[in-house]
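Q: The primary structure of each chain is shown beneath.
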Amino acid sequence: MVNGVAVHTYLAQGRNVNVIVVCMSGAPAEPGIALHKVLARLAKKPRGTIRVPAATESDAQIIQGLMSGRREAFEIVYRRHNASMIRVASAILHNRASAEEITQETWISVLRNIGGFEGRSSLAGWIFTILTNRARTRAKRDGLSVSLDTSAGGDPLDGAFDGSGRWRDKPELWDEMTPERIVGGRQVLDHVRDAIDNLPAGQRAVLVLRGQQELDAREVCEILGISEGNMRVLLHRARLSLRQSLDQIEN
Amino acid sequence: MLTCRDLSHQADAYLDGEVGLWKRLRIRLHLSMCDGCSRFIGQMRSTRSLVSVEADAPETGEDARIDSILAALHSENHSDG
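Chains as they are written, first to last, in my numbering: chain L, 1 to 251; chain B, 1 to 81.
Fair warning: there could be bad hints in the mix.
Listed next, with one range per pair, are the computed distances between beta-carbon atoms [what the hints assert, rightly or not]: (1) B:W22 - L:R120: 34 to 40 Å; (2) L:R71 - B:R5: 49 to 55 Å; (3) L:T129 - B:R5: 34 to 40 Å; (4) L:R120 - B:D16: 25 to 31 Å; (5) B:R28 - L:E176: 21 to 27 Å.
Here are some, though not all, of the chain L residues that point toward chain B, as calculated from beta-carbon distances under 7 Å [to be verified]: (6) I108; (7) N113; (8) F117; (9) L157; (10) F161; (11) G165; (12) R166; (13) W167; (14) K170; (15) L173; (16) W174; (17) M177; (18) P179; (19) R243.
Footprint (simulated), chain B over chain L, 3 or more residues, beta carbon under 8 Å [said to hold, decoys possible]: (20) 81-89; (21) 184-196; (22) 218-231.
Derived from the structure by calculation, the hints contain no laboratory data.
Quick caveat: nothing in here was measured; it's all calculated off a predicted structure.
Glycine included, every Cβ here is placed at the ideal spot set by N, Cα and C.
The following block holds chain B by itself, in its conformation from the complex (with noise of 0.2 Å):
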């Protein structure tokens, strides 16, 4: 019988779609039962979701750190004149 343990250790392949079709409908079929591990399915997946978002948040002071990289590079390419 799969416990909320078992649920626990499957909870990132199954975000991922990556558990086969038996195992699919147990862990289905325990959510149905179990507000417990529904709940938590839930905040995987809310988790996942944050994680991307912060992917892409954008980073202060950019425009000016790519213009000093710029400039390093130029500098480089003079120095090897």
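So here's chain L without its partners, still in its complex pose (with noise of 0.2 Å):
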């Protein structure tokens, strides 16, 4: 409600959302992404160009959809988290195809069990958590440490700056980095992309989960099992690292 005055948020389909239409009317709100959600995005990106899934379904639609076994809806949840878990679940196994592996029974598992979902927690909160018991139940049985190393990764600043605290050599302006603009023969998206993929493993984790995936901080903490000051600073530098990255593309 604005003003008092219901709003419906019109928001267009597909995944490149140029403008948002925002309408007033007398009907009452429909379900979806939170209004406040879609605005503090917007306020971040500066050139107005905003991505917001596909699907405006709620958590609740979707958990009907898949007790109802519609394919539809597990389509909808598989894209939205497939991509993330296969690196949250790598952050812990340090290799992909088991990363898949796991994924792939995490999916079999969320579907037999979406019967029993209570929610207590998010449906995305409660996959990831369903993600990270299997990924370290296998890193077990592989010999591998089961908890994620979160103290990889020293400050990517470090000697950025002089006695005084200022830069030793000033940042550049970046040209133009936009998503689909060819540097170095590629992509800026693939080079993110790849950027990502090779964060150290808790500044990883972090980052898709509270960068992208956007879940709370406290259901980030449970599932990675760490503080909230540790998963601020992960989240950090994960930021800086990938800021370092791109701007050695340019150069």
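Now that you have both chains on their own, put them together as the hints suggest.
A: As structure tokens, this is what we get:
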């Protein structure tokens, strides 16, 4: 509700949304992405291009669909989470093939057990909890360390400042660092993908869960078994590492 | 006095809008006087935006994998028979 009037949020279908049309009407607002989240995302994106998930279904509708065995519901949730699940699993297992297997097993487990989902966490939180539990079991079986290495990776800006705290080398102005732009023979988006895949495990897991999947801080900490302070440091370092990688592709 | 190094530590909090009013003003003042930090904050903004965009980039071969998951689920159900 805005100023006592219900607000409809219309979002273009598909992945690339250039315009968000907000209509005022007397009808009740439809369920979907919370308006404050949309506005928060717009505020962070200076160019006004915003990607929103193609599905505007709420968790509740997806869960209904999964329980009814509807393929479309599964497709939506699969597309939202699968790639992130593989990344988080690989942060624990350090092996992409194992991570893909564990992710596949997790989806089967999710579909088999959706009837027992009690909504005490978000759907995504529940899915990632199943995933990380399975990954840890596999890690133990394979003789790997079960706990996520959350210390790896120093401060990417170590040495970037002089004794007075000033930049030694002033950062450059990035020229049109947009996703589709070709730099060094590849799209920037591909560089970003590789950079994320090459982050130290702890940084990668936190970036994916908190910076991409946007799970609550508390859920991320429970899923990964880390403190909130630790999570903030890892997230910040992940972003600094990525900034550094992107800076280097320009030059 | 807020140094560039201090600002770099605050960048995430600042961009998330989680910094108090007084600190925000000090940061903005510093940014208005410091090219390097202005560019750095711009780079962090772009980085965060690109990370979000990457999150929604579609994978290849999704349909085939969705099919195989559903097939595995149904064959498990049958074998429980």
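Q: Hint numbers the structure violates, sorted upward?
A: 7, 8, 22
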